[in-house]
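Colleague: Residue numbers (the numbering used here), protein chains in the order written: chain D, 160 to 314; chain X, 5 to 251.
Bear in mind the hints are in silico, worked out from the structure with no lab data behind them. You may find that some hints are simply not true.
[What the hints assert, rightly or not] Quick list of simulated restraints, FRET-style, between CB atoms:
(1) PRO50(X) <-> LEU179(D): 22 to 32 Å
(2) ARG189(D) <-> ASN241(X): 28 to 38 Å
(3) SER222(D) <-> VAL144(X): 21 to 31 Å
(4) ALA211(D) <-> TRP88(X): 28 to 38 Å
[What the hints assert, rightly or not] Below, simulated BS3-like cross-link-like pairs (lysine-lysine); rule was C-alpha separation at most 25 Å, straight line:
(5) LYS203(X) <-> LYS162(D)
(6) LYS91(X) <-> LYS165(D)
(7) LYS203(X) <-> LYS120(X)
Don't be surprised by glycine CBs; every beta carbon is placed ideally from N, CA and C.
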Amino acid sequence: MTKRQKRMFAVAALVAGVSLAAVLGFTAFRKNMMYFYTPSDLLSGSLPAGAALQLGGLVERGSVKRGEGLLIEFVMADCSNQVPVRYEGVLPDLFREGQGVVATGHMDANHVFVASRILAKHDENYVPPNVAKSITTADGKHTCAPFKSVTAASS
Amino acid sequence: MWTWFHQLASPPTFYRFAEVLAPWLFGTSVMLLAVGLYGGLYVAPPDYQQGDAFRIIYVHVPAAALSLSVYTIMAVAGAIALIWRMKLAEVAVVAAAPVGASFTALALVTGMLWGKPMWGAYWVWDARLTSELVLLFLYVGVIGLNQSYADPRAGARACAWLALVGVVNVPIVHYSVTWWNSLHQGSTILSAEGMRNPKISGDMLWPLLLCLAGFYLFFGGVLLRRMQNEVLWRERNARWAQQAVAA
Numbered sequence: 160m161t162k163r164q165k166r167m168f169a170v171a172a173l174v175a176g177v178s179l180a181a182v183l184g185f186t187a188f189r190k191n192m193m194y195f196y197t198p199s200d201l202l203s204g205s206l207p208a209g210a211a212l213q214l215g216g217l218v219e220r221g222s223v224k225r226g227e228g229l230l231i232e233f234v235m236a237d238c239s240n241q242v243p244v245r246y247e248g249v250l251p252d253l254f255r256e257g258q259g260v261v262a263t264g265h266m267d268a269n270h271v272f273v274a275s276r277i278l279a280k281h282d283e284n285y286v287p288p289n290v291a292k293s294i295t296t297a298d299g300k301h302t303c304a305p306f307k308s309v310t311a312a313s314s
Numbered sequence: 005m006w007t008w009f010h011q012l013a014s015p016p017t018f019y020r021f022a023e024v025l026a027p028w029l030f031g032t033s034v035m036l037l038a039v040g041l042y043g044g045l046y047v048a049p050p051d052y053q054q055g056d057a058f059r060i061i062y063v064h065v066p067a068a069a070l071s072l073s074v075y076t077i078m079a080v081a082g083a084i085a086l087i088w089r090m091k092l093a094e095v096a097v098v099a100a101a102p103v104g105a106s107f108t109a110l111a112l113v114t115g116m117l118w119g120k121p122m123w124g125a126y127w128v129w130d131a132r133l134t135s136e137l138v139l140l141f142l143y144v145g146v147i148g149l150n151q152s153y154a155d156p157r158a159g160a161r162a163c164a165w166l167a168l169v170g171v172v173n174v175p176i177v178h179y180s181v182t183w184w185n186s187l188h189q190g191s192t193i194l195s196a197e198g199m200r201n202p203k204i205s206g207d208m209l210w211p212l213l214l215c216l217a218g219f220y221l222f223f224g225g226v227l228l229r230r231m232q233n234e235v236l237w238r239e240r241n242a243r244w245a246q247q248a249v250a251a
């Protein structure tokens, strides 16, 4: 092997080694890379009861009920499950029915998710208002695909 | 073809070549950006959800795209510098780092300014934002490493190794929104589904593509100018460099 071939080999080995380490590391810690759990994760019972966590899903259409002051109640859904959410505070501009949100909070004894903070999770669609209809699904919802189950995939 | 390529790799030829090419890159970039920004800020309709706030994509998306592309270019130049000991590739690694760091910082800052009104938070530790911040640290690491060497050639080779180690982060940044749950939205243009069925309307897309092209050409011009400076400094005792400065 010439010196140049040795250097070529060293560079290839470095990139391959670092990539392999990254793949192994991120596969092992997949759960920790997730920014939020989904309603399905929460209802599967595999998470500690009442634990503080972040829950992500779509705001179910027609489920938003505004109470006194800043109190708001709505249903958060992923592709298969739903969780009722209660929150008191300021909502981000993009909070809409049918849009994604991420709520920080915990499940209380009555199986309602009590949120202390709500962030809007915007989707990747950019369209003017008059063509917005074409990107929603038949039942008027946005796609639920961006909400990946944490517990199902890691088991 | 190969002889031309070998000649271009010699610092004096590169210097003269860049001297001619750089103004063209800057000129075209300014024209593309002028049309692209006009199209993005005045012609494109407001978004159905975000209204006018979506217009940050005309700066944020090109800056973020460049932050990844520049790092990839740096890593490729690093591999060439390490394997073939090509001087010009070493110069490219060192010259590209501060430009890439600036694009990364711009992407982070514009994203934060958009995030506060839209998401409700300047910053969250999700996979996309965190990996992009790691990218900024990698750039800063390359800059710092280069400065810590007295011998510029040894410094550039150390930077090349770091660039190669860090290149693993580039696919992580890009696919972070696909592999994991994140607050940041998924890819609009560069995704298999987005290619089949566009997720952005045409009158919003063309200004974005012009801005992207403008940013890339601007980077090309800046890189050539920075490489010229670096080459002049490294060859400051050579006669051609002294003549180039005197001219």
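Colleague: Each hint needs a verdict: does it hold in this structure or not?
Modeller: Evaluation of the provided hints:
no. : hint                                : result
1   : PRO50(X) <-> LEU179(D): 22 to 32 Å  : 46 Å, violated
2   : ARG189(D) <-> ASN241(X): 28 to 38 Å : 55 Å, violated
3   : SER222(D) <-> VAL144(X): 21 to 31 Å : 46 Å, violated
4   : ALA211(D) <-> TRP88(X): 28 to 38 Å  : 54 Å, violated
5   : LYS203(X) <-> LYS162(D)             : 50 Å, violated
6   : LYS91(X) <-> LYS165(D)              : 19 Å, holds
7   : LYS203(X) <-> LYS120(X)             : 23 Å, holds
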